[in-house]
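> Listed below are the residues making up each chain.
Number of protein chains: 6
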Amino acid sequence: MSIPSLLMFSLLFVTSSASDHDFCVADLSQPDTPSGFACKDVKKVTAQDFLFRLGTPENMNNTFKYAITLASAVEFPGTNGLRLSMARLDIAPSGVFPMHTHRGANEILFVESGTMTVGFISSDNTVYSKTLNKWDIFVFPQGLLHFLVNSGKVTAIAVASFSSSRPGLQFLDSALFSNSLPSEVVEATTLLDPKEVEKLKGVFGGSG
Amino acid sequence: MSIPSLLMFSLLFVTSSASDHDFCVADLSQPDTPSGFACKDVKKVTAQDFLFRLGTPENMNNTFKYAITLASAVEFPGTNGLRLSMARLDIAPSGVFPMHTHRGANEILFVESGTMTVGFISSDNTVYSKTLNKWDIFVFPQGLLHFLVNSGKVTAIAVASFSSSRPGLQFLDSALFSNSLPSEVVEATTLLDPKEVEKLKGVFGGSG
Amino acid sequence: MSIPSLLMFSLLFVTSSASDHDFCVADLSQPDTPSGFACKDVKKVTAQDFLFRLGTPENMNNTFKYAITLASAVEFPGTNGLRLSMARLDIAPSGVFPMHTHRGANEILFVESGTMTVGFISSDNTVYSKTLNKWDIFVFPQGLLHFLVNSGKVTAIAVASFSSSRPGLQFLDSALFSNSLPSEVVEATTLLDPKEVEKLKGVFGGSG
Amino acid sequence: MSIPSLLMFSLLFVTSSASDHDFCVADLSQPDTPSGFACKDVKKVTAQDFLFRLGTPENMNNTFKYAITLASAVEFPGTNGLRLSMARLDIAPSGVFPMHTHRGANEILFVESGTMTVGFISSDNTVYSKTLNKWDIFVFPQGLLHFLVNSGKVTAIAVASFSSSRPGLQFLDSALFSNSLPSEVVEATTLLDPKEVEKLKGVFGGSG
Amino acid sequence: MSIPSLLMFSLLFVTSSASDHDFCVADLSQPDTPSGFACKDVKKVTAQDFLFRLGTPENMNNTFKYAITLASAVEFPGTNGLRLSMARLDIAPSGVFPMHTHRGANEILFVESGTMTVGFISSDNTVYSKTLNKWDIFVFPQGLLHFLVNSGKVTAIAVASFSSSRPGLQFLDSALFSNSLPSEVVEATTLLDPKEVEKLKGVFGGSG
Amino acid sequence: MSIPSLLMFSLLFVTSSASDHDFCVADLSQPDTPSGFACKDVKKVTAQDFLFRLGTPENMNNTFKYAITLASAVEFPGTNGLRLSMARLDIAPSGVFPMHTHRGANEILFVESGTMTVGFISSDNTVYSKTLNKWDIFVFPQGLLHFLVNSGKVTAIAVASFSSSRPGLQFLDSALFSNSLPSEVVEATTLLDPKEVEKLKGVFGGSG
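Residue numbers (the working numbering), protein chains in the order written: chain C, 575 to 782; chain Y, 575 to 782; chain X, 575 to 782; chain F, 575 to 782; chain B, 575 to 782; chain G, 575 to 782.
Bound-form chain C, shown alone:
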């Protein structure tokens, strides 16, 4: 088969004109929209935009003895618009990842090391809970309260995958006790004791 080079150019021209929007790497300096951030100019996109390192996390010297390393569209712009993102969770021995929800994503957790007891609570208040070890994966449906407890003797590490590039993360305690939400509203809408609310507002820095 003879393929004159002139014809080849014709072929190549045609194929490249269809090449837009295989991806939309976030340009965080441009406006955000309901579907995600505006796209970085494709001519400036490199392989580096699709790589993120879930490396050594910050220390776990907080109340609950955990660390979280987020890789959603803000931290990892290559996930923008892809309906997918990740996070790394580290939990020290006797630590927990506290009760929380993701408003915008389902989650599958992959246990990389250690042992953790995890669970979620459904709308009819059923508890679905399991103890997981390395290679186990577990589903947390969108928007339901869930938790992770390190039930082993070493640091437990997991990689969470989310069905959104911006899953959201609402910690129950921070939502209730770290802001100006009036104590009487917290008390009336949760039945928590005023002293308990006062104590936890102290822990989490809330006022009001």
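Please keep in mind that the hints were generated in silico from the structure rather than gathered at the bench.
Here the structure is a predicted model, which is why all the values come from computation and not from measurement.
Errors might be hidden in some of the hints.
Intra- or inter-copy, both count: the list cannot distinguish identical chains.
Unchecked claim - Straight-line distance between alpha carbons at most 27 Å, and here's what the computed BS3-like set of lysine-lysine pairs gives:
| no. | residue 1 | residue 2 |
| --- | --- | --- |
| 1 | K617 | K708 |
| 2 | K727 | K708 |
| 3 | K639 | K727 |
| 4 | K775 | K704 |
| 5 | K769 | K639 |
| 6 | K704 | K727 |
| 7 | K708 | K639 |
| 8 | K639 | K704 |
| 9 | K617 | K704 |
| 10 | K618 | K704 |
| 11 | K708 | K773 |
| 12 | K727 | K773 |
| 13 | K617 | K775 |
| 14 | K769 | K704 |
| 15 | K769 | K708 |
| 16 | K618 | K773 |
| 17 | K769 | K617 |
Using the hints provided, position chains Y, X, F, B and G relative to the given structure of chain C.
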């Protein structure tokens, strides 16, 4: 349990880094996109952005004796991107809300006061119609012709919810008779009599 | 214009063959799917399937002094697959609608009567709160903790619209305290005091 | 390179276990769902399921002198769930495809032969209209009234593509005049003259 | 019926305030987003924005003897955000449209003239193939390898419809052989012979 | 606070009536639909349904020296309808995971151990490639050809997350060479040499 304040800061820092895009209040001065308006800077968003008052409507001194108060993303930017919006409908005695469609949303109508006979027509030309009173709700599937008739003796008021922050609203008469659509096209594609078309073009301000 | 009746039949035959799936009223006796319930035979669908009465609610003699009347796809099959549903909320004087989330829907609340102070907490723990009166509408974004407090002197009534025919509803207290979730897990993942957990498990019927 | 046949079998086994749901050909004997019909057993699917012939249409001896050949999920089960379908339109000289909407799909029309003047009317009542010839394509956004007029001297034929496997089709005249919708409702909600309504009910077979 | 002109103005004002976002014609000078390009100012939109001519294609003097005329959002901004676009394919006698995929869309092909043998390969490696003539339409599910062969004696022409305004187009040969993908990677991940890779890199302009 | 037990029952009754469809575990014995498999009866769902073990894979004694352990909706029914699934990939030293696509999902790869060089090719034939080590994650956009090469000295293991519970998997070689696709079609649409096609059909078990 002892919780040194230093550790608390670590906790709080972590929780706030996950806080983007719980919502996307419309910034109407920025570009519109297929998924909605670009988002207002979250630091400038206040509770006021999520509040709208469906208060006293404009008068109902028009041909059909109705008033509509829209609360879609343009009027109520807090709904932008949320796949949800509202409108208030007032219909004076012997008035109607004329035949229309919403190109982009299903609708549930809540009757706040009065009595109205409503209905929609399906693709196979079946009429689904009911007379509604206060506390009744009724479904109008997306894109189908529907209507509301005040069948009581007082002004009837309803609140419509839509499955889009921009449901669209096409009034049949305005679409046919208030613009430059040539009369012969209207006549040929609807079989309406030329005199009828001329009369209604007069009523609705159409030319051509 | 002469229109022989034979030709008319031809026209009608053509138009009716396009008439499927304007809606998908739930047939609760058939399987559920990720997109909703299987559809009721369209030949059995009547206008009644699109009507629901948010009438007099059950009594409000519970701890929080509220009542909820749901109109999602299970209770109101006409909303199945339409990305829209409703609920009526009644709150007695000094009552509240307790802290909760909807895993699957944004919400717009319409205040039908009375006065209520409502609010939601965003992922970065900001509180967005307003006091509402009749004709006010307020947005609660999907999956975030929110609450309603009757801040008037009479029963307050609202109609909530959701961006899903099955929005889900998770009450914070019921999720934590009405089931077999071990008390030590609740305590470790929320920092609530063991005595507080014990007390609320008593109130909400939890074990473990 | 040597590739023992034993190893090959291992390879093949692995590749075939990932093979579900590239498509979901409709099994019309099974239940319909909000996302479309249940799928035909993939083992019974053949290439024939993906082929449809938009061949010679029925005659155009109706009032408007057009014929439509539908290829949506009901007629062409291979499109089920694919968010795409087609239809063929034939319009005789001096004929039209009457005023109509598609509740569930955007449309692009490809003119295969002849000349037609087409247009749609937007929500703000602007008319977007063009005269098209062979190889022209034209967009009709979802849910808006639109029409086609044969403005040439021979039969005009077009192929319409829709952004849904079930776009819906509501003819304006059939919706208003071919059913039991009470004449006084038609009159009040459209301002059409009672005599005009009576005449068109006669043409389209309506009662009431 | 008397309709004072003052009342008419009230009617018209009301109807026009609902008129946003029936469509979102791409403004290619503004940012791209995950949901598509930002919208052209609606006041500058004309009927011309919704028209595209799939006219005479470029010559077919390339290796495979085909031409493609794209009408996706980049070439035809009126399709932006509409989940629908088109392309025209011309294949000379003894030519083919080479093996390729569309990452973002299902396709229905309409054969406008000539005869072509087309097919796709499913995830379980089944071949679904048919020979098509004028008026035949054929479905290619999203993301699967497919091909078209002119199996007649004259140029074959088809119009492809896609379920996205930006379907993407990846030619197998161009992906493997027209870039800097190292030959040893191509060889190891496809088992192609080094000489074959070298030859095709020569044809398609690849290096490495 | 006194909370009579009678009132408590009222509260609990109300909360449980909202509890449907937090998830839709696949019931593989029921029909498949475009949105996924019909749901298992929620009363039979247990925590076990949300757990999967990506344990020791099958051997890697195949041509490419890899193994894949799938956890999509068919293997892991708890992911059904959740727009999320996983797979484990093992690649022996000097092995590769061959050139392939996922028709229905974006992917993020997490490297659990070893070193691998991965890459994808965009529609404009640009190669985006990186060498990854433990804790690195990398994005592969939907439907684009991509590959993984073990570029270290030990077995490399990765966990892939997909933005669909049924991502699909099409191996390039299997698609071209393991079925009855006629050799002349392969040759014409890829320009591969007939001898090369014959050789690879031998390797992958193709006929024709």
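> All hints are to be evaluated individually against the structure, with a verdict given for each.
Cross-check of the supplied hints:
1. K617 - K708: Neither way: K617 and K708 sit 40 Å apart in one copy and 29 Å across, limit 27 Å.
2. K727 - K708: both (14 Å within a copy, 23 Å between copies)
3. K639 - K727: For K639 and K727, only the intra-copy Cα distance (13 Å) is at most 27 Å; the inter-copy one is 36 Å.
4. K775 - K704: This pair counts as between: shortest inter-copy Cα distance 22 Å, intra-copy 31 Å.
5. K769 - K639: Classified as both; 25 Å inside a copy, 23 Å across copies.
6. K704 - K727: within (17 Å within a copy, 36 Å between copies)
7. K708 - K639: Close inside one copy (20 Å) and across copies (23 Å); limit 27 Å.
8. K639 - K704: within (21 Å within a copy, 34 Å between copies)
9. K617 - K704: between (47 Å within a copy, 18 Å between copies)
10. K618 - K704: between (45 Å within a copy, 17 Å between copies)
11. K708 - K773: Cα proximity of K708 and K773: none, with 37 Å in one copy and 37 Å across.
12. K727 - K773: Answer is neither; intra-copy 30 Å and inter-copy 31 Å both fail.
13. K617 - K775: Intra 49 Å, inter 23 Å, cutoff 27 Å: inter-copy only.
14. K769 - K704: Classified as between: cross-chain Cα gap 26 Å, same-chain 33 Å, threshold 27 Å.
15. K769 - K708: Cα proximity of K769 and K708: none, with 41 Å in one copy and 35 Å across.
16. K618 - K773: The answer is neither: 51 Å in one copy and 31 Å across copies each exceed 27 Å.
17. K769 - K617: Close neither inside one copy (58 Å) nor across copies (32 Å); limit 27 Å.
This entry does not satisfy hints 1, 11, 12, 15, 16 and 17, going by the numbered hints stated previously.
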